[in-house]
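S.K.: Below, each chain spelled out in residue letters.
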Amino acid sequence: MPASTDQLCQRVRGRLGDRVAGLSVALNEVTLEVHPDDLFAAMRDLRDAEGLAFNQLMDIAGVDYAAYGDDEWITDDATASGYSRGVDGFSTPRLGLTGIYGVQEIQSNTGRRFAAVYHLQSLTLNHRLRVRCFAADDDFPVLDSVVAIWEAANWFEREAFDLFGLIFDGHPDLRRILTDYGFVGHPFRKDFPLIGNVEVRYDEERGRVVYEPVTLEPRVLVPRVIRKDNRYVDPESAQEA
Amino acid sequence: MAEISSYTINFGPQHPAAHGVLRLVLEMDGETVRRADPHIGLLHRATEKLAESKPYNQSIGYMDRLDYVSMMCNEHAYVLAIEKLLGVTPPIRAQYIRVMFDEITRILNHLMWLGAHGLDVGAMTVFLYAFKERENLMDCYEAVSGARMHATYYRPGGVYRDLPARMPQYQASHARSQKDLDRLNSDRQGSLLDFIDAFCERFPQSIDEFEALLTDNRIWKQRLVDVAVVSPERAIQMGFAGPMLRGSGVEWDLRKMQPYEVYDRMDFDVPVGRNGDCYDRYLVRIEEMRQSVRIIKQCVDWLRHNDGPVTIDDHKIVPPSREEMKDDMESLIHHFKLFTEGYCPPEGEAYAAVEAPKGEFGAYIVSDGANKPYRLKLRPPGYTHLAAMDEMVSGHMLADVVTVMGTMDIVFGEIDR
Chain A
253 MPASTDQLCQ RVRGRLGDRV AGLSVALNEV TLEVHPDDLF AAMRDLRDAE
303 GLAFNQLMDI AGVDYAAYGD DEWITDDATA SGYSRGVDGF STPRLGLTGI
353 YGVQEIQSNT GRRFAAVYHL QSLTLNHRLR VRCFAADDDF PVLDSVVAIW
403 EAANWFEREA FDLFGLIFDG HPDLRRILTD YGFVGHPFRK DFPLIGNVEV
453 RYDEERGRVV YEPVTLEPRV LVPRVIRKDN RYVDPESAQE A
Chain B
24 MAEISSYTIN FGPQHPAAHG VLRLVLEMDG ETVRRADPHI GLLHRATEKL
74 AESKPYNQSI GYMDRLDYVS MMCNEHAYVL AIEKLLGVTP PIRAQYIRVM
124 FDEITRILNH LMWLGAHGLD VGAMTVFLYA FKERENLMDC YEAVSGARMH
174 ATYYRPGGVY RDLPARMPQY QASHARSQKD LDRLNSDRQG SLLDFIDAFC
224 ERFPQSIDEF EALLTDNRIW KQRLVDVAVV SPERAIQMGF AGPMLRGSGV
274 EWDLRKMQPY EVYDRMDFDV PVGRNGDCYD RYLVRIEEMR QSVRIIKQCV
324 DWLRHNDGPV TIDDHKIVPP SREEMKDDME SLIHHFKLFT EGYCPPEGEA
374 YAAVEAPKGE FGAYIVSDGA NKPYRLKLRP PGYTHLAAMD EMVSGHMLAD
424 VVTVMGTMDI VFGEIDR
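Residue numbers (this note's numbering), protein chains in the order written: chain A, 253 to 493; chain B, 24 to 440.
Bound-form chain A, shown alone (with noise of 0.2 Å):
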């Protein structure tokens, strides 16, 4: 029978005392947020002690929370005013913040930008908890690698410098995963354009594969909403499910 979450929350709190920077249950699921400091040790801690023995890391996923929140059309007045008709032009949560078509430099170094989630879970207690970790400096994002307490960690860390340019420091092999060979950037940020940056052709005079300035114009079917109308979402039966 696995642990309610308040006792894994307790467990976890028991165990990493001072390095609980966050814990929270929502939707049947813990999340601790730790400093960048103590990731390391409080993840061998996970790992390792006793009522928690997280022996499996599942997933990796990096987070850019630099666009979270940003939508594209205001719905707080519009029972008063009505709505206008459509969306349109090149504005800042439509087409990502910067980048060719974007609009908006990120100036602001706020620490909260980039994250690293993990998803762990203990094959022997049958629990999971979720572990979120954001790096100090947007600029220049770093994380202690975990790759040496599970090995899982290889490709999934690789994966978010690939994608997110977080920089694992520790890592045994930090190289680009996913993408092309030479290819700049880290797609997966929000300032990185949907349709990308460049454009890949065969070029029959010269006989070779040549990159280009994307010519596609970007295009938004479906503006981002943000509703705060959840009527039909019961926080308990959420609870449950």
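Bear in mind the hints are in silico, worked out from the structure with no lab data behind them.
There's no promise every hint is true.
With a straight-line cut-off of 20 Å between C-alpha atoms, the simulated SDA-like cross-links for lysine to any residue are [stated by the list, open to error]:
id : chain 1 : residue 1 : chain 2 : residue 2
1  : B       : K72       : A       : H438
2  : B       : K279      : A       : N378
3  : B       : K72       : A       : E451
4  : A       : K480      : B       : G371
5  : A       : K480      : B       : K360
6  : B       : K244      : B       : Q260
7  : B       : K72       : B       : E370
8  : B       : K320      : B       : F359
9  : B       : K339      : B       : I356
10 : B       : K155      : B       : E232
11 : B       : K77       : B       : E346
12 : B       : K155      : B       : G145
13 : B       : K72       : A       : D322
14 : B       : K77       : B       : G418
15 : A       : K480      : B       : G365
16 : B       : K360      : B       : Y183
17 : B       : K72       : A       : T376
18 : B       : K72       : A       : I447
19 : A       : K480      : B       : Y183
20 : B       : K360      : A       : P475
21 : B       : K244      : B       : M420
22 : B       : K72       : A       : Y320
23 : B       : K72       : A       : G448
24 : A       : K480      : B       : P369
25 : B       : K244      : B       : G418
26 : A       : K480      : B       : D337
27 : B       : K72       : A       : F435
28 : B       : K339      : B       : R327
29 : B       : K77       : A       : Y320
30 : B       : K360      : B       : H338
31 : B       : K72       : A       : D443
32 : B       : K77       : A       : D322
33 : B       : K77       : A       : P470
34 : B       : K155      : B       : S209
On a predicted model such as this, the values are computed, not experimentally measured, just so you know.
Knowing the structure of chain A, use the given hints to seat chain B on it.
M.R.: Chain B alone, transformed into the frame defined by chain A:
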């Protein structure tokens, strides 16, 4: 002159045994592999980034194209994550349908794996046998969704539609004699459930045939037994899941340990290997097909006797029926809003995992309250398995690389995403 002790060879990306587009850089010492470095990403389509630019429902179809031999299982993880965010549970009939199609998908996947694995190692016949059976299961996909592979059948709040009362039949054509037509249509006279039931009756004999070709085959055993042995500790450490983990003797199956849908009502066994070699993983998968048949039978039995809705009755998430839409103003509005904008799950994050045929397939969604996911991360089982390539083939012969690739059940749609 200095003596060259090792050399490097390129395996793939255009090699029939590379299962698609793997480029494997092998450092060889004679015919022995010293180091293997898989170069992946040749099929990278940025599915996760594309999903960030579309309403939730429009990305379901992308999930089919990840692991393109176990389509519905991928949809399942994604849809479960959305349902978790929305806080909705599909009706019980939809849950049974999902379980049934998950298991059909498992057989579909394992047949593909068996055929390809056999072909890699040199057994041609089993490939043809396996593909013959796969055809029937694809017909089931087609009967419910209209598509043989990329079904987009699971939807948040249920499944797209109920099972058809009549199994589609082959049409007469100049290329087919009446006798052939009658034979092909002989088990298509009733409903889809009758067809699946008939399949379940005869499929175990087909598995026996596959086993007759392989299990005690001397060549097959020479190529598989004691090749790429993985200890249970290493399997856990390297993040293995599914048959790769069970082949090493770890009794772990999400369907049993963290049951989703109605798996807790199903009676089935979880096969576990003993030696952790390629042969054990082969046996595990073969037995999984037999167990899947058991589960499908239980689902068919339940679905025959229990009617009910297959989607929830919330038109903020599920579109109203065509009839309603043309009849009722509010339904029309719901329909319009759902297809032009979608729904906005509350702010939060959810991770949902299913026991896909290859292992744990997970979907992690971060929502900031918008009608599109803020971030979608998919956890493909094959990714961690392929990451272990170096460890599994080091010290083996070049020919074993092919065997290991087969035993991993690699599909690049999910690994490269």
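S.K.: Do the alpha carbons of K72 (chain B) and D322 (chain A) lie within 20 Å of each other, as the hint requires?
M.R.: Given that 20 Å is the threshold and the Cα spacing comes to 16 Å, the pair holds.
S.K.: Are K72 (chain B) and I447 (chain A) close enough, with their CA atoms no more than 20 Å apart?
M.R.: holds (10 Å)
S.K.: Starting from K72 (chain B), check that the Cα of Y320 (chain A) is at most 20 Å away, please.
M.R.: Status holds; Cα separation ~15 Å.
S.K.: So if I understand the rule, the pair passes when the alpha-carbon distance is 20 Å or less; does K72 (chain B) with D443 (chain A) pass?
M.R.: holds (12 Å)
S.K.: CA of K360 (chain B) to CA of Y183 (chain B), is that 20 Å or under?
M.R.: holds (18 Å)
S.K.: Is K72 (chain B) close enough to F435 (chain A), meaning Cα to Cα at most 20 Å?
M.R.: Satisfied, since the Cα-Cα distance of roughly 17 Å is no more than 20 Å.
S.K.: Between K155 (chain B) and G145 (chain B), is the straight-line Cα distance small enough, at 20 Å or below?
M.R.: Answer holds: K155 (chain B) to G145 (chain B) is near 19 Å, not above 20 Å.
S.K.: Holds or violated: K72 (chain B) and G448 (chain A), Cα atoms, limit 20 Å.
M.R.: Judged against 20 Å, a Cα distance of about 11 Å means the pair holds.
S.K.: Does Q260 (chain B) sit within 20 Å of K244 (chain B), going by the straight-line distance between their CA atoms?
M.R.: Answer violated: K244 (chain B) to Q260 (chain B) is near 28 Å, above 20 Å.
S.K.: Is it true that the CA of K480 (chain A) sits at most 20 Å from the CA of D337 (chain B)?
M.R.: holds (18 Å)
S.K.: When you check the alpha-carbon spacing of K279 (chain B) and N378 (chain A), does it fall within 20 Å?
M.R.: This hinted pair holds, its Cα atoms lying about 11 Å apart.
S.K.: Hint check: K77 (chain B) vs P470 (chain A), CA-CA at most 20 Å. Holds or violated?
M.R.: holds (14 Å)
Hint compliance for this structure: hints 6, 8, 11, 14, 17, 19 and 28 are broken, all remaining hints hold.
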